[in-house]
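Start counting the sequence shown at 1; every next residue gets the next number (the numbering used here).
To be clear, the hints were calculated from the coordinates, so they are not data collected in a lab.
Treat the hints with caution; some may be incorrect.
Unchecked claim - Think about it this way: if two alpha-carbon atoms lie no more than 30 Å apart in a straight line, the pair counts; the simulated DSS-like pairs of lysine-lysine are:
(1) Lys235 <-> Lys52
(2) Lys149 <-> Lys382
(3) Lys290 <-> Lys235
(4) Lys151 <-> Lys217
(5) Lys151 <-> Lys382
(6) Lys298 <-> Lys344
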Amino acid sequence: MAAAGSAGSSPPPQPGQLGTLWSTLEDQRGGAREELWALARADPRKAVFAAKVGLALALISLLVFLREPRDIVSHSVWAILTVVVVFEFSIGATFSKGFNRGLGTLTAGGLALAVAELSKHLGKLEEVILIISIFIVAFFTTLTKLHPKMKAYEYGFRVFLLTFCYVMVSGYNTGKFTDTAVSRFILIAIGAAVSLGINVGIYPIWAGQDLHNLVAKNFIGVAKSLEGCVDGYLKCMEYERIPSKILVYQASDDPLYSGYRAAVEASTQEETLLGFAIWEPPHGAYKMMKYPWRNFTKVGGALRHCSFAVMALHGCILSEIQAPPESRKVFSAEIHRVGIEGAKVLRELGDKVKTMTKLSSSDILAEVHLAAEQLQKRIDEKSYLLVNTERWDTSKQAEGIKEVLNGTGITGKENKIEVKEPTIVEQTTAHHSKSFAVNSFLSRHDSSSTVDNFKLLSWPARRSFHPNLPLEDEETKTYESASALSLATFASLLIEFVARLQNVVNAFQELSDKANFKEPVQEPVAVSTSDGGFLHKICKFVGIKS
């Protein structure tokens, strides 16, 4: 037995093992400290906020050392809990939590006192009344809390339910319903007052300002993504390995992806900041009562609508179906100009939002609209490059055009009209054949390749929809048709992006009017202060006017 016991027990750790374990713990501590310092350097407000919370708790803990009044001091933990729960990062969040906690405590305490007085007059049924009242209050409070319109007051309902149950149970055990309710309310009021005083008085952090900065920042991100997508497409940018995070819409370091994704993902954050900003009093540059914070979210929503178009443009770059470089060069000048002008509009609007300045020009979209019109005209002129004209049925085409002009429908048997192939078809066929012969995108992926553990199937699939036709010829022609249309897709998405910019401008103008943005400063005309140089001085000295 002794041998079995000694065999089952683990040997004590050797000094070398203890040293290794200690060094591992030290490394982990060092890494944690570095992360904390990096967090504090990235946003110093977080370190300030942590210090303010510590100060508030240190001050409120002084209640523990007081001796009178004893009824209140004995429940001082409620003041500490209030500071921990109410003290939020922004002023608006602190006001919201403080209001909900105070209102919930006051109403619950009053209701608990009323139920307690009623139960006392019922004698033996007192316990039954207390239990039934707790059940009824809990049922209706929870049901009301789940209503969508009550989402902003959810914390208040939680405090109401907690306070009601606490006063009822504690008051029944001590027989002091009134003292319990009053002491709890006073301590919560003290905790909330300390939290609000320190949070507002020492380096205040405003949710409204964060909302303002977030919307302005997203303009720059979308502008960078737009420029990157246009430049990358015209340069035939190709991902050697598509990041799997992009395929599943997760955060990635790709600059084309991160810019528009931040704007798309900002919806929840904007709504949260809006819910806190409406609680904040006038401050700083936001001195208006009932400041139109909701209009900031409208501007963010309009920008998000444009971001979806940029996301689709990026999808064209990620697509396995790619247009040949020769076709892109035909439209490169017009596409590039639309991208530049569109990004310019976004940056100007972002700067106006950041500086809270109205638009200096009544038609900020004039240049980008002109660029989009030129792109559309170019597409109309070179539309034969965007389709595979080799498959055109010219007899049916001519017959269809004739019927449209005559306004008649097809009746009876089709009359075949022999029309000579237009020269444009021959040009297009030669163009496509030349382009796809040297197109590197045809071999972008194998028939079954893996990208960051994601299996990609090449398109078109290894089968033909027409068994009677040769397999390779049919697939090549199908690919050529789809590839030609991919350029049209990119161009049409770019034009759609320009159309959506009008919504952003309208939302910004509404915001600037309601928020009383400052008028733009007119740049003064440059006046030359030069004296004309040495020759001018000599002429002036001898009395000759130059």
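Comparing the hints with the structure gives:
1. Lys235 <-> Lys52: violated (52 Å)
2. Lys149 <-> Lys382: Violated, at about 55 Å.
3. Lys290 <-> Lys235: Distance ~49 Å between Lys290 and Lys235 Cα, so the pair is violated.
4. Lys151 <-> Lys217: Satisfied, since the Cα-Cα distance of roughly 28 Å is no more than 30 Å.
5. Lys151 <-> Lys382: violated (55 Å)
6. Lys298 <-> Lys344: holds (21 Å)
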